[in-house]
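*Asks:* Residue strings, one per chain:
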Amino acid sequence: GQQVQQSPTSLVLQEGENAELQCNFSTSLNSMQWFYQRPGGSLVSVFYNPSGTKQSGRLTSTTVIKERRSSLHISSSQITDSGTYLCAMERDTGNYKYVFGAGTRLKVIA
Amino acid sequence: EAAVTQSPRSKVAVTGGKVTLSCHQTNNHDYMYWYRQDTGHGLRLIHYSYVADSTEKGDIPDGYKASRPSQENFSLILELASLSQTAVYFCASSLGGGAETLYFGSGTRLTVL
Numbered sequence: 002g003q004q005v006q007q008s009p010t011s012l013v014l015q016e017g018e019n020a021e022l023q024c025n026f027s028t029s030l031n032s033m034q035w036f037y038q039r040p041g042g043s044l045v046s047v048f049y050n051p052s053g054t055k056q057s058g059r060l061t062s063t064t065v066i067k068e069r070r071s072s073l074h075i076s077s078s079q080i081t082d083s084g085t086y087l088c089a090m091e092r093d094t095g096n097y098k099y100v101f102g103a104g105t106r107l108k109v110i111a
Numbered sequence: 010e011a012a013v014t015q016s017p018r019s020k021v022a023v024t025g026g027k028v029t030l031s032c033h034q035t036n037n038h039d040y041m042y043w044y045r046q047d048t049g050h051g052l053r054l055i056h057y058s059y060v061a062d063s064t065e066k067g068d069i070p071d072g073y074k075a076s077r078p079s080q081e082n083f084s085l086i087l088e089l090a091s092l093s094q095t096a097v098y099f100c101a102s103s104l105g106g107g108a109e110t111l112y113f114g115s116g117t118r119l120t121v122l
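Quick note, the sequences are listed as chains A and R, same order.
First residue of the first sequence: 2, per the working numbering; consecutive thereafter.
First residue of the second sequence: 10, per the working numbering; consecutive thereafter.
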């Protein structure tokens with residue numbers, strides 16, 4: 002089965018609404034990251050968050066390593082937030098390889 | 010600013026043909042990666058490298074070869090392209106192998122007919 006499960010698969014928001022994206026890991030992990038992928042484009046790291054809560058502007062990431070989960074909260078969504086949000090875990094092995102979830106596709110409408 | 014450049018941006022190949030995807034980074038990073046992205050599967054690691062002239066298999070290496078002739082360059086080679094290799098391919102680099110931010114290229118959309 003997939004080691005990284007993201008939910009929801011897709012989400013449509015009215016501009017100004019908040020969103021909570023979830024990421025659950027089936028195995029132990031060293032760290033994790035959240036990435037944003039613009040439609041048809043590349044990926045940009047949003048948060049490197051091995052544990053605890055981090056905030057950047059309207060985005061807040063909370064990771065609980067022992068419970069193997071992470072969330073990304075988007076407050077006061079804007080149309081420009083539209084895209085796909087992927088989480089990736091660094092496996093707890095000797096090989097430093099990130100495993101990605103399938104992503105949450107977010108669409109913010111006016 | 011960290012930069013990873015991929016070429017070509019898109020390519021159409023015929024089944025059985027040879028395809029080479031190129032990646033160049035100016036980050037002075039040791040680690041480079043090749044991922045493929047398919048709808049519903051996120052990104053899956055094909056090959057990676059942590060030093061020039063050496064490559065390692067990722068999670069889905071079958072049907073792919075990789076080459077790292079220098080720290081800056083990392084290529085992905087499909088010797089006999091197949092329909093199932095139609096996907097978007099991303100190259101990435103990182104300073105180290107773990108607990109590091111990945112920097113991605115813009116991707117190569119490969120269509121095999």
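Just so you know, the hints here were simulated from the structure itself, not pulled from any lab data.
Ideal Cβ placement from N, Cα and C applies to all residues, glycine included.
A portion of the hints provided could be inaccurate.
Not everything, but these chain R residues come out facing chain A in the computed CB check (under 7 Å) [claimed, not checked]:
| id | residue |
| --- | --- |
| 1 | 51 |
| 2 | 73 |
| 3 | 110 |
| 4 | 115 |
| 5 | 116 |
Beta-carbon label-pair distances, calculated as ranges [what the hints assert, rightly or not]:
| id | chain 1 | residue 1 | chain 2 | residue 2 | range |
| --- | --- | --- | --- | --- | --- |
| 6 | R | 27 | A | 74 | 43 to 53 Å |
| 7 | R | 29 | A | 40 | 44 to 54 Å |
| 8 | A | 53 | R | 60 | 27 to 37 Å |
| 9 | A | 67 | R | 17 | 25 to 35 Å |
| 10 | R | 88 | A | 53 | 22 to 32 Å |
| 11 | R | 105 | A | 53 | 39 to 49 Å |
| 12 | R | 89 | A | 16 | 11 to 21 Å |
| 13 | A | 76 | R | 89 | 45 to 55 Å |
| 14 | A | 3 | R | 66 | 34 to 44 Å |
| 15 | R | 122 | A | 67 | 43 to 53 Å |
| 16 | A | 19 | R | 89 | 48 to 58 Å |
| 17 | R | 105 | A | 67 | 43 to 53 Å |
| 18 | A | 52 | R | 50 | 26 to 36 Å |
*Asks:* Which hints, by number, does the structure contradict?
*Replies:* 2, 7, 9, 10, 11, 12, 14, 17
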